[in-house]
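Participant: Now for the letters of each chain:
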Amino acid sequence: VITVQWRLREVPLAGEALLAQGDVVVRLVNRLLKLDDAALATLSGVGSASMLFIVGTPLVWVDGVRMLGKDPAAPGLWLPTMHQPTVPLGLFAEAVTRRTRAPVAVFDEVLLPVGGARPIDRAILRAMTS
Amino acid sequence: MAALDELAQLADAVDVVQVRPALAHAVRKLRQAGISLTDRRVVKLQRLIAAAAALAGRQVATVADLWPIVFAVPDAVGQDAAREALRELLAQSENDSLRMAAETASLGALARAGRLVAAAEALLADPKPTDEPWRLTLEGVAREVDAGFAPEALPPPLADVRRRIVEVLG
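These protein sequences, in sequence, are chains A and B. The first sequence: position 41 = 67 (this note's numbering), numbered continuously. The second sequence: position 144 = 236 (this note's numbering), numbered continuously.
Okay, chain B solo, but in the shape it has when bound:
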């Protein structure tokens, strides 16, 4: 929960102003495709976009962080239609891995990634590679990363901690 709190705090600090025109464009594209989002959902969506930016290590949300828009559509059929309608816009994402993660996993992946990054950071802050319990604990984090994320879809902060885990464990 601490990691989620941290992610929420980071998301609070993210500036979403610059991405609002792109978001409005995306909402219009969805509307043209027959998919309507309520104002309430669009407001909540901005919070998800902020979380995506925070998870990517950004303080200012960009088009790359628009991917949660797909998950603002309530049902699976609508989400598929939204992906199709927004294909061009989402393809502009500079962060393909995160976009792929978004397209292939549920939003639960966000929370899972945040928790794993926090767990790994806590262990890596005080490395004890010759201490077996410490090593097994860090290996447990690495296993959870590998079990829960396809290599090509690792969110960048998680890819970074995984790389550092490999370095430390040798």
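Chain A with its partners taken away, still in its complex shape:
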């Protein structure tokens, strides 16, 4: 068994996706609902009322979201921008994607498959806030 821990990166990744958990999801959904249709159409997402992953340009932001980015050494993973695993990233990516189909958002001890990200539907967002 190899224990994987996270350590700070010397140079952070560019934040190209974000993830909301818990109460932050509602704030993020409310922010997304304020976008016009054209802006909303540039974003994709996957998740639930307890965890929501959003990617696209331009991204929005609310306090509490986690920023994720991609490392060229692990293109199938969305990783915390500030942290990297203590094991070689290539091996880590291989181990993760062997268990979960890429792309996968990885943070803390959670693996969230995000290959199912779809264009964001305003009706679904509204349903998440009701």
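Hints listed in this document are in silico derivations from the structure and should not be mistaken for laboratory results. By construction, the Cβ of each residue, glycine as well, lies at the ideal position given by its N, Cα and C atoms. Warning: the hint list may mix true and false statements.
[Claimed, not checked] Covered stretches of chain A, as calculated for chain B (at least 3 residues, CB under 8 Å):
{"#": "1", "stretch": "34-46"}
{"#": "2", "stretch": "82-94"}
[Stated by the list, open to error] With a straight-line cut-off of 20 Å between C-alpha atoms, the simulated EDC-like cross-links for lysine to aspartate or glutamate are:
{"#": "3", "chain 1": "B", "residue 1": "220", "chain 2": "B", "residue 2": "176"}
{"#": "4", "chain 1": "A", "residue 1": "96", "chain 2": "A", "residue 2": "42"}
{"#": "5", "chain 1": "A", "residue 1": "96", "chain 2": "A", "residue 2": "134"}
{"#": "6", "chain 1": "A", "residue 1": "60", "chain 2": "A", "residue 2": "49"}
{"#": "7", "chain 1": "A", "residue 1": "96", "chain 2": "A", "residue 2": "36"}
{"#": "8", "chain 1": "A", "residue 1": "60", "chain 2": "B", "residue 2": "107"}
{"#": "9", "chain 1": "B", "residue 1": "220", "chain 2": "A", "residue 2": "62"}
{"#": "10", "chain 1": "A", "residue 1": "60", "chain 2": "B", "residue 2": "224"}
{"#": "11", "chain 1": "B", "residue 1": "121", "chain 2": "B", "residue 2": "180"}
{"#": "12", "chain 1": "B", "residue 1": "220", "chain 2": "A", "residue 2": "89"}
{"#": "13", "chain 1": "A", "residue 1": "96", "chain 2": "A", "residue 2": "120"}
{"#": "14", "chain 1": "B", "residue 1": "121", "chain 2": "B", "residue 2": "131"}
{"#": "15", "chain 1": "A", "residue 1": "96", "chain 2": "A", "residue 2": "135"}
{"#": "16", "chain 1": "B", "residue 1": "136", "chain 2": "B", "residue 2": "180"}
{"#": "17", "chain 1": "A", "residue 1": "60", "chain 2": "B", "residue 2": "176"}
{"#": "18", "chain 1": "A", "residue 1": "60", "chain 2": "B", "residue 2": "104"}
{"#": "19", "chain 1": "B", "residue 1": "136", "chain 2": "B", "residue 2": "167"}
{"#": "20", "chain 1": "A", "residue 1": "60", "chain 2": "A", "residue 2": "147"}
Please arrange chain B on chain A, whose structure you already have, making use of the hints.
Facilitator: Structure of chain B alone, referenced to chain A:
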């Protein structure tokens, strides 16, 4: 670049005289640990200490601004040894968050923080929270802050602008 120029100008105005005895003490501690810094490096280090003070909003450098000394040591192994040798001295820092930032990030964080503070200040100087392009631009700054700095390691000026961004964006 404007933000860097501004930071450089602020650093020029910082008084490092008071911190020189502590710096000399730190250099001696490093020497005792087998780590030598050339006079040239020590001179350059004073400039970094001034920049650290400027970034922390101080006009007079204090022991809290000594953290760049670790980065004056040329290689990673030496830097680890320097952290160990200076643990007690760096622990006296009154500004834990900045010290942590220094210990965990590269000096590039200084320039990044300065640029983000300047970008945020420019936007916050003329707040238009109902204007979507303005809002998205400010959110972009906030994303970059969150992507580039651990919350516990935010330099104080950046923590301040982030707090104001949260207030303005609601």
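Participant: For each hint, tell me whether it holds in the structure or not.
Facilitator: Hints, verified against the model:
Counting residues of the stretch 34-46 of chain A whose C-beta lies closer than 8 Å to any C-beta of chain B gives 8; at least three are required, and the coverage claim holds. Under the rule that three or more residues need a Cβ within less than 8 Å of chain B, the assignment of the stretch 82-94 of chain A holds, with 9 such residues. For a cut-off of 20 Å, the pair hint linking residue 220 of chain B to residue 176 of chain B is broken: about 48 Å separates their Cα positions. For the given pair, residue 96 of chain A sits about 8 Å from residue 42 of chain A by alpha-carbon distance, which is consistent with the 20 Å threshold.
Taking the CA atoms of residue 96 of chain A and residue 134 of chain A, the gap is about 16 Å. The hint holds against a cut of 20 Å. A C-alpha spacing of about 18 Å is found between residue 60 of chain A and residue 49 of chain A, which places the hinted pair at or below 20 Å, so the restraint holds. Only pairs whose Cα atoms come within 20 Å are accepted, and residue 96 of chain A paired with residue 36 of chain A is accepted, the gap being roughly 15 Å. Of the pairs offered as hints, the one joining residue 60 of chain A and residue 107 of chain B is violated, with about 48 Å between alpha carbons and a cut-off of 20 Å exceeded.
Distance check on the hinted pair: residue 220 of chain B and residue 62 of chain A sit about 17 Å apart at the alpha-carbon level, within 20 Å; holds. Taken as a hint, the residue 60 of chain A and residue 224 of chain B pair is honoured in the structure, with Cα atoms around 9 Å apart against an allowance of 20 Å. Note on residue 121 of chain B and residue 180 of chain B: the hinted pairing holds, with a Cα-Cα distance of about 11 Å set against a maximum of 20 Å. Taking the CA atoms of residue 220 of chain B and residue 89 of chain A, the gap is near 18 Å; set against the 20 Å cutoff, the hint holds.
Straight-line distance between C-alpha atoms of residue 96 of chain A and residue 120 of chain A comes to about 15 Å, which keeps the hinted pair within the 20 Å bound. Taken as a hint, the residue 121 of chain B and residue 131 of chain B pair is honoured in the structure, with Cα atoms around 15 Å apart against an allowance of 20 Å. At roughly 18 Å between alpha-carbon atoms, residue 96 of chain A and residue 135 of chain A fall within 20 Å of each other, so this suggested pair holds. For the hint pairing residue 136 of chain B with residue 180 of chain B, the CA-to-CA distance comes to about 23 Å; that exceeds 20 Å, so the pair is violated.
Using a Cα cut-off of 20 Å, the hinted pair residue 60 of chain A and residue 176 of chain B is violated, with the two alpha carbons roughly 50 Å apart. Distance check on the hinted pair: residue 60 of chain A and residue 104 of chain B sit about 45 Å apart at the alpha-carbon level, beyond 20 Å; violated. Proximity of residue 136 of chain B to residue 167 of chain B is assessed by CA-CA distance (about 16 Å); at most 20 Å being required, the pair is judged to hold. Among the hinted pairs, residue 60 of chain A with residue 147 of chain A is consistent with the structure: their alpha-carbon atoms are about 13 Å apart, no more than 20 Å.
In this structure, the hints that do not hold are numbers 3, 8, 16, 17 and 18, in rising order.
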